[in-house]
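Engineer: Sequence:
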Amino acid sequence: LGISSGSLSSLPEPLRRRSPARSRLQWAAASLALLACLSGAIWLWSSRRREPVLASFNRLTDQEGAELYPSLSPDGLFFAYAYRSGSDLDIFLRRVGGRNPVLLTGDSDADDTEPAYSPDGRWIAFRSERQGGGIFLMENTGGPARRVTTFGFNPAWSPDGKEIAVGEEDVTDPGKRIQESRIWRVDVASGRRTRVTEADSVQPSWSPSGARLAYWGLARGSSRPRISTVPAAGGPAVPVAEDGSANWNPVWSPDGRYLYFVSDRGGSMNLWRVRIDQGSGRVSGEPEAVVAPSPATWFLSLSADGRRIAYMAMSSRRNVEKVAFDPERVEVVGAPVEVLPGTRTYRTVAPSPDGRWLAFYASDPNEDLFVARSDGIEVRQLTNDLAKDRYPCWSPDGSRLAFHSNRGGPNDIWSIRPDGSGLTPLTRGSGLVLPLWSPDGRRLAASSASRGSVLLDLERPLAERTPQPLPEVRDTGQSFFVNSWSPDGDRLAGNDPVSGIGLYTLSSGLYERPLETGVDPRWLPDGRTLLLFRGSEIWSLDTRSRASRKVLAPSPHSSFRDFAVGPGGRVLYFIRAIDDADIWMALLD
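Be aware that the sequence shown starts at 1434, since it is given in our numbering, and climbs by one per residue.
Hints listed in this document are in silico derivations from the structure and should not be mistaken for laboratory results. Misleading hints may appear alongside valid ones.
With a cut-off of at most 20 Å between alpha-carbon atoms, the simulated SDA-like pairs for lysine to any residue come out as follows [what the hints assert, rightly or not]:
1. K1983 x R1698
2. K1821 x G1767
3. K1983 x E1764
4. K1609 x A1679
5. K1983 x E1675
6. K1595 x G1624
7. K1609 x P1669
8. K1821 x G1853
9. K1821 x P1798
10. K1609 x R1698
11. K1983 x G1999
12. K1821 x E1675
Quick caveat, the model's predicted, so the values are computed rather than measured.
With the hints as extra help, turn the sequences into a complete structure.
Structural biologist: Below, the structure is given as structure tokens:
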């Protein structure tokens, strides 16, 4: 009935059954002792139950597909959220208990997401991809939007409504982080910005006093999210939850006495809270489970009185599919065909050089490597342990798979044979992730959150494989993250931190930006054409003419999470996510 596991943990252990008493005096003494224990337990439970616990739950939306990023109005009577209407994501407004959503961002064809009500309820800040992307501001009933920043994600208002805190990297999945991020404070009126954090940090939440910011991030070399707080003016961070679980999405209670967050410490992603002093950031006591009836709880929002919590109840199925492709005409042929059904949470897909096998990693229950025949008939598990084994990449001859893992402590690059034997480290103490084998098999490109992409000479002994960073992007001082080698091994395509897609030519040392939008480029065999993601769609880019066009779009209420080009460019493999997310409300006593 809404009693948290933290409250239950304060009760004494159950009394063991005893043999029948030999006298009434012994029975009376035992009864008095039992009564004393129960009275003490009730007093202790009541004394600790100073804050309300979850009492009732109501579903607020039931549209087909995923309703995302709920934000409650301060009075708890309305909520804003993102939903895909047509080809783009828009922000909608709905009354709690109402059935008719109101479109707020119909003036834009770009994705609009991550709404956040201002403390007075008059404004909604949100992330938009319009005009190159950034944080925008509109009235709570919609209308013209004003740009506040040219960067940032997951906006969080200061208590006085004069500033917004943002992170540098988008958070759509706590298990999928690419680069380091910092928290910034942005003045709403002037756009002036101030950096708050030094370590990796995303999804900020401002304490009610305005003194501290809560956030989560990854420790150097770790893949497990941890929650911390930091003074709003900057300074030393204080840990809140860093116990090996995936702890993320912190949100302060309006009275500042609790920090709510999402964690998988109980097995599934669910709602937790911990007592905290908002002045110092110190926690008191163990986290308490506040169990919501959903397979996965994401993206929290609290009303100003602290009695209502809106959250997203998430379920997802991921299929590995393939479709025939004509690399000369750069277009798909026929309809996609399912290869592997959604029995696992597939994260990546990588076809072997001969096209006979697919490598992937799945994140349930652990993050392990698998290979499967390209027709889906046979599936073989390569790793089975508590290490986080991610992003397998085939060697050019198909004899080994490179991947990154924290099995030795910090992340490193390892290799393994496709039969699961021959586990071998390729780096030691490097903190590197996302390996990419060069076409000749002599080098690896990999990425570091602090250094961007680097190159490794595999012909040198392990102890001498010093990562060689690629040059920083000119005029920005930021890092370039590589996604694909050209077939001739001379050009690297990747994610430019400013413009979307960038190219680096090894022989000349020249860097160029051929396209303003897009991520995760892959070369086609002609060495001229790239396939890439724009939103959830796959597009092509001619790197000479700069012409681009849509190649493949997901069906309604599904999205593509990863794709790969098969041998000769004749097949495209991709992971289709079919998401269903509804917004729920927890009403606290």
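Engineer: All hints, please: hold or fail.
Structural biologist: These are the hints, each one checked on the structure:
For a cut-off of 20 Å, the pair hint linking K1983 to R1698 is broken: about 41 Å separates their Cα positions. Proposed proximity of K1821 and G1767 is contradicted: the alpha carbons are some 37 Å apart, above 20 Å. A hinted pair counts as satisfied when its Cα atoms are at most 20 Å apart, and K1983 with E1764 qualifies at roughly 9 Å. Between K1609 and A1679 the alpha-carbon distance is near 12 Å, which keeps this suggested pair within the 20 Å criterion.
Restraint check: the Cα-Cα separation between K1983 and E1675 comes to about 43 Å, which exceeds 20 Å; the hinted pair is violated. For the proposed pair K1595 and G1624, the alpha carbon gap of about 11 Å is at most 20 Å, so the pair holds. Between K1609 and P1669 the alpha-carbon distance is near 26 Å, which puts this suggested pair outside the 20 Å criterion. As the CA atoms of K1821 and G1853 are separated by approximately 16 Å, the hinted pair is consistent with the 20 Å bound.
Between K1821 and P1798 the CA atoms are separated by roughly 11 Å; this keeps the pair inside 20 Å, and the hint holds. As the CA atoms of K1609 and R1698 are separated by approximately 18 Å, the hinted pair is consistent with the 20 Å bound. The straight-line distance between the Cα atoms of K1983 and G1999 is roughly 19 Å, inside the 20 Å bound, and the hint therefore holds. Distance hint between K1821 and E1675 is fulfilled; the C-alpha atoms sit about 17 Å from each other, no more than 20 Å.
Comparing the model with each earlier hint shows violations of hints 1, 2, 5, 7; every other hint is respected.
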